[in-house]
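Number of protein chains: 4
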Amino acid sequence: MSSAFGNCIKISIFGQSHSESIGVVIDGLKAGFKLDMDAISAFMKRRAPGQNAVSTPRAEADEPHIASGLVDGVTCGAPLCAIINNTNVRSKDYSKLKEVPRPAHSDFPAFVKHSGFNDIRGGGHFSARLTAPLCFAGAVCMQLLQEEGIYIGAHISSIKDVHDLPFDSVSVSKAELEKLKNAPMPLLNQETWALMEKTVLDAKAQGDSVGGIIECACIGLKPGIGEPMFDGIENRISQAIFAVPAVKGIEFGAGFKAAELFGSENNDSFYFDGGTVKTRTNNHGGILGGLSSGMPIIFRAAFKPTPSIAKEQDSVSLTAKKNEKLKIEGRHDPCVVLRAVPCVEAATAIAIYDLLLESRR
Amino acid sequence: MSSAFGNCIKISIFGQSHSESIGVVIDGLKAGFKLDMDAISAFMKRRAPGQNAVSTPRAEADEPHIASGLVDGVTCGAPLCAIINNTNVRSKDYSKLKEVPRPAHSDFPAFVKHSGFNDIRGGGHFSARLTAPLCFAGAVCMQLLQEEGIYIGAHISSIKDVHDLPFDSVSVSKAELEKLKNAPMPLLNQETWALMEKTVLDAKAQGDSVGGIIECACIGLKPGIGEPMFDGIENRISQAIFAVPAVKGIEFGAGFKAAELFGSENNDSFYFDGGTVKTRTNNHGGILGGLSSGMPIIFRAAFKPTPSIAKEQDSVSLTAKKNEKLKIEGRHDPCVVLRAVPCVEAATAIAIYDLLLESRR
Amino acid sequence: MSSAFGNCIKISIFGQSHSESIGVVIDGLKAGFKLDMDAISAFMKRRAPGQNAVSTPRAEADEPHIASGLVDGVTCGAPLCAIINNTNVRSKDYSKLKEVPRPAHSDFPAFVKHSGFNDIRGGGHFSARLTAPLCFAGAVCMQLLQEEGIYIGAHISSIKDVHDLPFDSVSVSKAELEKLKNAPMPLLNQETWALMEKTVLDAKAQGDSVGGIIECACIGLKPGIGEPMFDGIENRISQAIFAVPAVKGIEFGAGFKAAELFGSENNDSFYFDGGTVKTRTNNHGGILGGLSSGMPIIFRAAFKPTPSIAKEQDSVSLTAKKNEKLKIEGRHDPCVVLRAVPCVEAATAIAIYDLLLESRR
Amino acid sequence: MSSAFGNCIKISIFGQSHSESIGVVIDGLKAGFKLDMDAISAFMKRRAPGQNAVSTPRAEADEPHIASGLVDGVTCGAPLCAIINNTNVRSKDYSKLKEVPRPAHSDFPAFVKHSGFNDIRGGGHFSARLTAPLCFAGAVCMQLLQEEGIYIGAHISSIKDVHDLPFDSVSVSKAELEKLKNAPMPLLNQETWALMEKTVLDAKAQGDSVGGIIECACIGLKPGIGEPMFDGIENRISQAIFAVPAVKGIEFGAGFKAAELFGSENNDSFYFDGGTVKTRTNNHGGILGGLSSGMPIIFRAAFKPTPSIAKEQDSVSLTAKKNEKLKIEGRHDPCVVLRAVPCVEAATAIAIYDLLLESRR
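Chains as they are written, first to last, in the working numbering: chain S, 1 to 361; chain Z, 1 to 361; chain A, 1 to 361; chain X, 1 to 361.
Keep in mind that the hints were calculated from the coordinates and are not lab data. Be careful, since some hints might not be right.
In this list, chains with the same sequence are indistinguishable; a pair is considered to hold if it fits within one copy or across any two.
[What the hints assert, rightly or not] Here are the simulated DSBU-like cross-link-like pairs (lysine-lysine), alpha carbons at most 30 Å apart as the crow flies:
| no. | residue 1 | residue 2 |
| --- | --- | --- |
| 1 | Lys34 | Lys325 |
| 2 | Lys30 | Lys257 |
| 3 | Lys45 | Lys278 |
| 4 | Lys257 | Lys198 |
| 5 | Lys222 | Lys325 |
| 6 | Lys222 | Lys322 |
| 7 | Lys204 | Lys278 |
| 8 | Lys30 | Lys222 |
| 9 | Lys321 | Lys174 |
| 10 | Lys181 | Lys327 |
| 11 | Lys30 | Lys45 |
| 12 | Lys98 | Lys181 |
| 13 | Lys198 | Lys311 |
| 14 | Lys278 | Lys98 |
| 15 | Lys30 | Lys322 |
| 16 | Lys34 | Lys222 |
| 17 | Lys311 | Lys98 |
| 18 | Lys278 | Lys311 |
| 19 | Lys257 | Lys311 |
| 20 | Lys181 | Lys257 |
Work out the full structure: start from the sequences and follow the hints.
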């Protein structure tokens, strides 16, 4: 199986980069919720290509249309299906790929897994294009979460060695997340962008690419959400986040740094802030024993550099069974991090909303 | 829900630290497989407490007995249930904990989640003791994997700032993993232990604790195992690994470091080694597009320092609704990393075996 | 949740009777299978309305188009999504229904469940129209089953008190199932149709409707398929069959009649037919302990009469909170049994194929 | 997979007839619920053998002990595990069965499924003994349902051709269900028992067995519970009920009889009874479109005669590959229907409680 997620809502994503359309079925949504389609479009536009110098020029409207699940814009309890047509498809760019797999891409294992019947065009079902329906589903969940006072926002923590400021993990607020969403770039410090952009464009000029880190916060979640062991918040966010292509690592709160601390440094002291239990620091990233503590949930996801680069690379010919040089043509982002920011938010929203529902039954 | 994992096998873990017993039901095992109970005992002993200076002196035999699923030591197709009795229970140590939650523990959110009905004794269902049945299930999966030429092994990558050598991610072999398992300590360089032990004991002497990192390898997995999007190898291993208490981060292959590389550095070139496609480097950690590439699967998991420390800490009284000092009594590992090594292997084995079965239908 | 089925394949059905479109996502199909789209169309045509005097004149082409999952007509391992547009929608017929629920319909409980936000037009997500994507999914599974020598066929066992011949539960063959599929009517004895048709048309003339029974056979399944307890063949077929609207009962083999037999009558003796174990009778309907015995699987499903009748009925006004008369306008089959035959085959195919895959891992 | 059930609670049943123990893990129970263990024991005693002339003399205490999930008798949110030891095991009775499968038993397909490694002793995992943990889980769910005013009760509708009165499907009340539970026999008309008992004992005297029908009612369920298509109440109850060995059919409300009615006869008129919408008849068995209507849920399950009879039967030798006579030794109920009554209630309780929770999220 594969492209389905959720215990209480069930997200089923379909499509390939060059199939007629891509889309998502969301089963289990409550009835009576008015979707803000403008907000969804705005959200998805943050992911859409062709918007600035560091993104692929493939221009897709990426406008989802609703096949089912709404009556007069309001959920009716039936599965919500959104479809995005693939309009700007140039399949000829990919003709040779089935023979010569692109390094760091799914081409080779997908070829083996599907006995050569995988859809190689644009990466097929493994394409980052499939994050469009993921973002649709995430945008829906985000609206449902907002109704409950839960907000999610992410920013570029770093591109290569250029770093933005971190979230204040104790005090990150709704106002800051809103400001971030409306900012020109998803950065806490907008001035960082100049150097980030330069880093990306320099790499692109070299026929190369770069990666980066995205930091995400979720605020407003009451304590006690999440399930023990395999369905804790960390487990479920991780499962969702690794669905975003190019993610190679995730850490919550102090994360890998916690491994170098003393317990007395890492432990976050409890205190009463009025009637609310809080912690003075937030090394635990808002999650204890898999459950929300009431503090902001904070995590970072590491993205590898875009695998498709213009530079010639060493690969193999699967048919000729010999080594072969590969030069990738076509249009590719020299850095996926910018467009991945809403994808991280979306995956987080799906995981959190599903756990929130689970906590209610 | 919570304590269940798997699509093809279904692992259901039960028990609390101080309940009559803990255990696991494994549903979906094929019939006709002879379990090596000695090997299972040996594996579980690596997790058991009381074995050296850095572990808690709570001495549990942790001997699983088989309630069902075997006939003459051979699986019969019925769910395999293993039960471990809780014999060495000292509940009095925990009497005050429901009132004053331990920092960095699940106490507080579990209290809220379960409206105060959570079993606080020894951490209840959130206790690291629940990794015993996890290890049992993992040991079973590991034997089933070995039958297919798939081997899993882990070592302590670091304790605080003391580092072992890393796996050679390209060439790690069955022989090395076996050697590691039979070594005095789960380290590639045994000489590291002296300093690690000192680090732990020094912390303990201060009433403190330390964390660390575990690196795990899985070899022998053919290319093409794993499912796209939400059920890729990274997704499922992550979901399983975060079930091990104290894990706060995970990274595959180059992981967070990949975020700082150029694509041309991070991309692993393909080449033919005889008839087999391999990569010259393994920054992808054996996983591309969520699928196995045929190269060793390599990941690292970060463990925070043991939350239970002897030093006095700031906490709150949930009943008095005011701040309160907490001094934790009882027996606790000053560092969980050593005993967590088999847990990481076990969680990995469960995730990989489940995906292996899924690839067959 | 709702409209999802399957452990190894995952069928997710979406749409309402009057939404833009309806459809299905089938996740987990193996790659490399060439779909026979003509056969699928032919199969779905058997379900489509407007084909004879006993069916609703609502004429829908019901032509599925493939949004994803195929490359050159061959499955590529990505989820297969088929979409059927709702073209011939006359929503005005249903304007009053939200206020006055139709007896024997889902209107009332759906109203309560979804707090009045349910899509009442044409029955919304509860409409029998949703059997169109079910039939698509079933047709796909049927082709995959045929490749393995497994065939499914159903016939009208009865309409009201008019009975067709039963299957010979011991010897029903592929040839007979093929003959049945190509027959003018899904009957073992074509001559029964005249009386059945008269029964239906007489009822229709009275503004009334009738029900009936469908008998289904599945042959070619090897012994040992199915899972114990909750996932036996009876469990899974039942779960799938009750997704077809109007089904109120199901029985396997001798079914309810078995309750009146002695064990010595009901027990089916084993014997060797060449090297194959068979039973001389088939009261067990091909299923023992939830598992296939190798004998034909035989079951019958009872369909209630179409709830929508022209006769005036007693209902209530949910808004005025008083009793009220209801006269249903619009187009309705006076008997759903004829068009339900492929639906029963489809639901069976999905359940059997899923269990077949499960038996392989 | 197999022995797991539920979306919101997860029931995982383990054990074989002659394994060390059998039991069940119930995951997903809310914390803070005080289990009435006496009521559970009383409920399970209704299923236990050795209680009267029509049941097997195998005397098992069948006393479940709680391994985990409770603190001071109150659920703590951790999985509830109950274990029943197998004490009165006489394995020698079954020595020949693996070679010569019992007609109408799972022996043959289980042998094929598990390549001969199935546990044949007492039917292994397919034994009706596994209904003991099912009953435990059902008893727990029943208590949780009662807290919400939902009651479940069943009676013997018939044994062979001897019939009890039917439930009044419109007015069956809590008082009647309680009376039924406390009656000497689970019959609406106690006087029926004499003839039923004679029927069973006559069959037994002939070395034969008989079947029967159980009718079950569930009252107090509010309208709108259940999920569309595959997770309707009929779908889920069916899936659960077929887990009880020997069930070969199920029908809801008018069931198979509905197939012979006109729509105008079968449709149940709505009316207001005070502020509550009711129906004047209940042919729909309390379920419309898979959802509860608020009327009593009524269904009947058909049980085949006990397969194990003393009379000599025709079977085969799987090893010698030739036909062979079989004479079954050992202790067997000549009619399973009496002891199956609580099993039907239990399976119903599990299915209903799971759907109730699902309706809340």
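Checked hints:
no.	hint	in the structure
1	Lys34 to Lys325	neither (53 Å within a copy, 33 Å between copies)
2	Lys30 to Lys257	neither (40 Å within a copy, 36 Å between copies)
3	Lys45 to Lys278	neither (36 Å within a copy, 39 Å between copies)
4	Lys257 to Lys198	both (29 Å within a copy, 20 Å between copies)
5	Lys222 to Lys325	between (54 Å within a copy, 24 Å between copies)
6	Lys222 to Lys322	between (57 Å within a copy, 19 Å between copies)
7	Lys204 to Lys278	between (45 Å within a copy, 27 Å between copies)
8	Lys30 to Lys222	both (20 Å within a copy, 18 Å between copies)
9	Lys321 to Lys174	between (56 Å within a copy, 27 Å between copies)
10	Lys181 to Lys327	neither (37 Å within a copy, 43 Å between copies)
11	Lys30 to Lys45	within (26 Å within a copy, 34 Å between copies)
12	Lys98 to Lys181	neither (39 Å within a copy, 40 Å between copies)
13	Lys198 to Lys311	within (19 Å within a copy, 49 Å between copies)
14	Lys278 to Lys98	between (54 Å within a copy, 17 Å between copies)
15	Lys30 to Lys322	between (55 Å within a copy, 28 Å between copies)
16	Lys34 to Lys222	both (24 Å within a copy, 26 Å between copies)
17	Lys311 to Lys98	within (19 Å within a copy, 60 Å between copies)
18	Lys278 to Lys311	between (51 Å within a copy, 20 Å between copies)
19	Lys257 to Lys311	between (35 Å within a copy, 21 Å between copies)
20	Lys181 to Lys257	both (28 Å within a copy, 27 Å between copies)
Comparing the model with each numbered hint stated earlier shows that hints 1, 2, 3, 10, 12 do not hold.
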